[in-house]
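In the UniProt record's numbering, the protein residues as written are 1 to 183.
Be a bit skeptical, because a hint or two may be false.
[What the hints assert, rightly or not] Label-pair ranges, simulated between beta-carbon atoms:
#: 1; residue 1: S82; residue 2: Q9; range: 35 to 41 Å
#: 2; residue 1: A69; residue 2: N20; range: 34 to 40 Å
#: 3; residue 1: R147; residue 2: S82; range: 16 to 22 Å
#: 4; residue 1: S27; residue 2: A49; range: 22 to 28 Å
#: 5; residue 1: D24; residue 2: D81; range: 17 to 23 Å
#: 6; residue 1: H11; residue 2: A99; range: 33 to 39 Å
#: 7; residue 1: Q94; residue 2: H35; range: 30 to 36 Å
#: 8; residue 1: N106; residue 2: D70; range: 21 to 27 Å
#: 9; residue 1: H11; residue 2: M157; range: 22 to 28 Å
These are computed hints drawn from the structure, not numbers from a lab. Since this is a predicted model, take the numbers as computed values, not measurements. Each residue gets a CB set at the ideal place from its N, CA and C atoms; glycine is no exception.
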Amino acid sequence: MQPQWCQPQDHHIGDPRLRNWLLDTGSLTERLQTHCRDFQVQVLGQRQAEISLEEIRQLSPNSKPFNLADWQVREVILWGDSQPWVFARSILPQALCSAELAGLGNQALGKLIFNDPRFVRQPFEICHISTTTTTTIAKALQLSDNRDLWGRRSVFMLDNLAMSVAEIFLPQAPAYADSQANL
1 MQPQWCQPQD
11 HHIGDPRLRN
21 WLLDTGSLTE
31 RLQTHCRDFQ
41 VQVLGQRQAE
51 ISLEEIRQLS
61 PNSKPFNLAD
71 WQVREVILWG
81 DSQPWVFARS
91 ILPQALCSAE
101 LAGLGNQALG
111 KLIFNDPRFV
121 RQPFEICHIS
131 TTTTTTIAKA
141 LQLSDNRDLW
151 GRRSVFMLDN
161 LAMSVAEIFL
171 PQAPAYADSQ
181 ANL
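Please put together the full structure from these sequences, using the hints given.
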C-alpha cells in the first residue's frame, strides 16, 4: 500500500471532528487512551525492511546518500477495547534503535517521543485511502469493514536524525465516530 500523501490544505476533509484527529499535534497514543479502558500495542514487526522511494525522499529531502542498513521499519496496530484503531508504520534510524529507542518492545513509540522534548515534529501530510485500496488493507489486517480510510504522517527530528511516523485510522477508530468521513 502506497497512499498518496499531500499537504492538509490540498485535501478537503468534510468532517471537522476527523480533521481535528488528523491534525492534532499532541500524542495520538494519549488521545486514544482517553477513549478506552484497555489500550494495547500489537507489534507486527520491527526490522530492516524495504522502504519506498517516496519514504526515502521524505526522510532525506536533500538527496543525501541513503543506506537502507541505517534504518528499521516498525509496524504496529494500536488497539482500544479489543478494536483495531490505528495501523502505524514508522521508519526509524538505526542509531535511535540502538540508543533512545532500544528495548521499545510493545510500548507505544508516542509514549517515548512525546515525553522527550528533544524530539521535534515537522508538519503533517495526510492521505485519503479509497475503499478499493482499503480492501487490500482489510485483508492484510483481517478487518471486516471496508470503508474509506484517512491517515497522517510526519517526521520527527532528534538533532540531525529524522524519523517518519505514518498512522492510518482503521474503521473502528474514534476519529470516525459520528462522522461523515467518507465524504
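*When the hints from earlier in the document are held up against this structure, which numbers fail?*
Violated: none.
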